[in-house]
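Enquirer: Quick note on our numbering: the sequence shown kicks off at 1 and runs consecutively.
Derived by calculation from the structure, the hints in this document are not laboratory data.
Possibly wrong hints are sitting among the right ones.
Unchecked claim - Keeping only pairs whose Cα atoms sit at most 27 Å apart, straight-line, the calculated DSS-like set for lysine-lysine is:
no.	residue 1	residue 2
1	K184	K258
2	K185	K258
3	K219	K185
4	K258	K219
5	K184	K219
Remember, it's a predicted structure, so these values are computed and weren't measured experimentally.
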Amino acid sequence: MSALQLLSDCPTCRVEGSVLELLDAAGPNTTPLEGQCRLCGFRTEAGAIQAPGRQFTAVVEVIMALERWATDDGEPDVHGFTHTNMNGLTPEQVAGRVLAGERVETSFDVIAFLFPHAASGARLQEPAARPERKAIFRPANAAEPLNAVDTQAQSATVAVDPQDIARALVSVMVADGVVRAAEKKFLARTLADWGAPPIPDGDHRVWRPQEIGVPADPKRLLQAMTAMSLIDGEADSTEVRILEEYARAWSLPLDRSKLRRTSSLRALLNSIVELFVA
Numbered sequence: 001m002s003a004l005q006l007l008s009d010c011p012t013c014r015v016e017g018s019v020l021e022l023l024d025a026a027g028p029n030t031t032p033l034e035g036q037c038r039l040c041g042f043r044t045e046a047g048a049i050q051a052p053g054r055q056f057t058a059v060v061e062v063i064m065a066l067e068r069w070a071t072d073d074g075e076p077d078v079h080g081f082t083h084t085n086m087n088g089l090t091p092e093q094v095a096g097r098v099l100a101g102e103r104v105e106t107s108f109d110v111i112a113f114l115f116p117h118a119a120s121g122a123r124l125q126e127p128a129a130r131p132e133r134k135a136i137f138r139p140a141n142a143a144e145p146l147n148a149v150d151t152q153a154q155s156a157t158v159a160v161d162p163q164d165i166a167r168a169l170v171s172v173m174v175a176d177g178v179v180r181a182a183e184k185k186f187l188a189r190t191l192a193d194w195g196a197p198p199i200p201d202g203d204h205r206v207w208r209p210q211e212i213g214v215p216a217d218p219k220r221l222l223q224a225m226t227a228m229s230l231i232d233g234e235a236d237s238t239e240v241r242i243l244e245e246y247a248r249a250w251s252l253p254l255d256r257s258k259l260r261r262t263s264s265l266r267a268l269l270n271s272i273v274e275l276f277v278a
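Could you put together the complete structure from these sequences and hints?
Expert: Written out as structure tokens, the structure is:
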């Protein structure tokens, strides 16, 4: 059996990307075979909770768990581990948030775990150096340039490229390893309606949000990516994780409940598709 390692958020300690899940790469990519939180020990098997995870009661308990996690990841300095991976927080600050039941944001690269090598037909490549581009891309029939750059947000990422719109959409399209005719049609129609150029077939892979520029209207692009994930009726786990990474990178909320199959899902899909391609 070939397996993928995925990262997901822990419902017990509420640390983003702390649960390491194992998924059958040849399966339907819906329910992880097993998963375990690297901080509190929350554990699942075949979607069923086997261990609810430790309920920490003191700062020192959380710090000791962080030290163990850091050591397992090859980082002997727990302060460096939390500073690098938890938005500059100290171990004490992380412990305080865990004890308070607050969400702990991290910078763990979920997409790198999703696609460490060639997996499900999509290969994640390391970011390559790209030439700086000065021109601002303005799509047709748009009041605001979709790829105009917010200079503050852009300081943390690469230069904008007109093809970044396609790169973001393609990342969702190839995520589950099956590229459908309806998805290709949606991609072509959306790019045409926005006046955005396509990308070569060789670039049809999963792109990290850090590899592409920040659009002027990231909410609009994330909605289009969500519509792409719902074309077959329901977003699968890999598509959801990619959407989460882009939402996190662009500081946008993502309602996962809208990505599950419900009685109103078709109406939601129709409304989104109508918004972008009708």
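Enquirer: Each hint needs a verdict: does it hold in this structure or not?
Expert: These are the hints, each one checked on the structure:
1. K184 - K258: holds (22 Å)
2. K185 - K258: holds (23 Å)
3. K219 - K185: The given pair, whose Cα atoms are some 22 Å apart, holds under the 27 Å limit.
4. K258 - K219: holds (15 Å)
5. K184 - K219: It holds: about 22 Å lies between the C-alpha atoms, which stays within 27 Å.
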